[in-house]
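> Sequence:
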Amino acid sequence: MPHQVGLFLFKNDLRLHDNPALAKAAAEVDELICVYCLEAKHPVSSLRAPSNLSSHRLHFLQQSLTDLRTSLLTLGQQLLVSSESHLDVIPQLITQHNVAKIYCSQNVGDYENQSWGKLSKRYPMIDFYCIASHTLFSESELPFKLADLPDSFSKFRKAVEPLTIKPPLPEITSLPPSPKIEWEWPKNLVTSINRPLFHGGENQGLAHMETYFERQLASNYKETRNGLDGLDYSTKFSPWLANGSLSARRIIHRLRRYETQIEANDSTYWIYFELLWREYYQWYAHRYGKKIFSPSGIKTSKPATSFYPERFKKWCSGNTPYPIVNACMKQLNSTGYMSNRGRQLVASCFVHELSLDWRYGAAYMEQQLIDYDIASNWGNW
Numbered sequence: 001m002p003h004q005v006g007l008f009l010f011k012n013d014l015r016l017h018d019n020p021a022l023a024k025a026a027a028e029v030d031e032l033i034c035v036y037c038l039e040a041k042h043p044v045s046s047l048r049a050p051s052n053l054s055s056h057r058l059h060f061l062q063q064s065l066t067d068l069r070t071s072l073l074t075l076g077q078q079l080l081v082s083s084e085s086h087l088d089v090i091p092q093l094i095t096q097h098n099v100a101k102i103y104c105s106q107n108v109g110d111y112e113n114q115s116w117g118k119l120s121k122r123y124p125m126i127d128f129y130c131i132a133s134h135t136l137f138s139e140s141e142l143p144f145k146l147a148d149l150p151d152s153f154s155k156f157r158k159a160v161e162p163l164t165i166k167p168p169l170p171e172i173t174s175l176p177p178s179p180k181i182e183w184e185w186p187k188n189l190v191t192s193i194n195r196p197l198f199h200g201g202e203n204q205g206l207a208h209m210e211t212y213f214e215r216q217l218a219s220n221y222k223e224t225r226n227g228l229d230g231l232d233y234s235t236k237f238s239p240w241l242a243n244g245s246l247s248a249r250r251i252i253h254r255l256r257r258y259e260t261q262i263e264a265n266d267s268t269y270w271i272y273f274e275l276l277w278r279e280y281y282q283w284y285a286h287r288y289g290k291k292i293f294s295p296s297g298i299k300t301s302k303p304a305t306s307f308y309p310e311r312f313k314k315w316c317s318g319n320t321p322y323p324i325v326n327a328c329m330k331q332l333n334s335t336g337y338m339s340n341r342g343r344q345l346v347a348s349c350f351v352h353e354l355s356l357d358w359r360y361g362a363a364y365m366e367q368q369l370i371d372y373d374i375a376s377n378w379g380n381w
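Numbering (the working numbering), first residue to last: 1 to 381.
To be clear, the hints were calculated from the coordinates, so they are not data collected in a lab. Hints should not be assumed to be uniformly reliable.
Stated by the list, open to error - Straight-line C-alpha distance at most 35 Å; calculated DSBU-like pairs for lysine-lysine: (1) K290 - K330; (2) K24 - K222; (3) K187 - K314; (4) K314 - K145; (5) K302 - K314; (6) K180 - K24.
As the list claims (entries may be wrong) - Quick list of the computed label-pair ranges, beta carbon to beta carbon: (7) E161 - S355: 47 to 57 Å; (8) A304 - Q261: 27 to 37 Å; (9) E210 - K290: 17 to 27 Å; (10) Y308 - A27: 38 to 48 Å.
Ideal placement from N, C-alpha and C gives every residue a C-beta, glycine not left out.
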């Protein structure tokens, strides 16, 4: 069999544990190129500007990539990080290294899927593999066709709760070597934050998860989950879940162990319940694609809102007539994080009190939140 070079495109799967796409690549090629691309701009909507990430979100991403790079180095690999689009980077690597197979994890987002389709059409001689890793279930495991996704979370939950969630894959302990490639770390990724609220990276995410369960905070989650400030009132898994430093299946696996060894109660069920909420919005975004970014969302009529620059500016900076909204927005701007209840409050104010186009609020959240998730953010408004 001829010597084969593969390329793995990291996206929201910045981990070695429970990474089926990376495991497949490791088993099939002789050499492997590992790449992560900071997309310079996002053409889906002029409202979305990931190139203008907040310092907190960028810092968390930098830490996550640094942690991944360190883990890959221990396996004799390297991580190529580029500030250019993968539509520009991957063709260069294909030409330079005669890439035969390309792998990535399945991602939510119409633009992401379209760009993957463009590459596969441009290079029909290359095998492309896109494998689910960001969800609890694969599409084939769902008890309905994606086109028949239930129109409410309640119906979705009742349909999927009887399903068995597969155990997470073990951590990858060996990888094919990388071809010799000289590569510089992008200068726009180097950031510094004094006393960040969270530290990015797979190892930090796993450690946080273990600490949460070891302190038995899960036993009281349902009673404390609606807090607005502090670290212990909720699981705080979302920053690592969002960029895939932590897998949802790994959390479920640890939760089940906690329920067996410590206790199972309404609070532990509620952690599972909210992971199903996350799951629903992942498939919601897959189902509706670019519709989730439109003024009306998936509905036929849009809200009676508009864009008022001065109101928007005051909402962003936390200078509205509503003290609780101001406190939540200032918390977001100073930490990159806001509680779930806080997000509900500021979003309601944005649309119903300030009469602003919800998409501008969603875009600002995308820019600021270290736990930004395309499906949860754009689907939840």
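> Now, for every hint given, state plainly whether the structure supports it.
For each hint, the structure was consulted:
1. K290 - K330: 30 Å, holds
2. K24 - K222: Roughly 38 Å between the alpha carbons, so the hint for K24 and K222 is violated.
3. K187 - K314: 32 Å, holds
4. K314 - K145: Not satisfied, since the Cα-Cα distance of roughly 44 Å exceeds 35 Å.
5. K302 - K314: 23 Å, holds
6. K180 - K24: 22 Å, holds
7. E161 - S355: 47 to 57 Å: With Cβ atoms ~39 Å apart, the hint is violated.
8. A304 - Q261: 27 to 37 Å: 53 Å, violated
9. E210 - K290: 17 to 27 Å: Between E210 and K290, where Cβ atoms are some 39 Å apart, the hint is violated.
10. Y308 - A27: 38 to 48 Å: 55 Å, violated
Consistency with the previously given hints fails for numbers 2, 4, 7, 8, 9, 10, ordered from lowest to highest.
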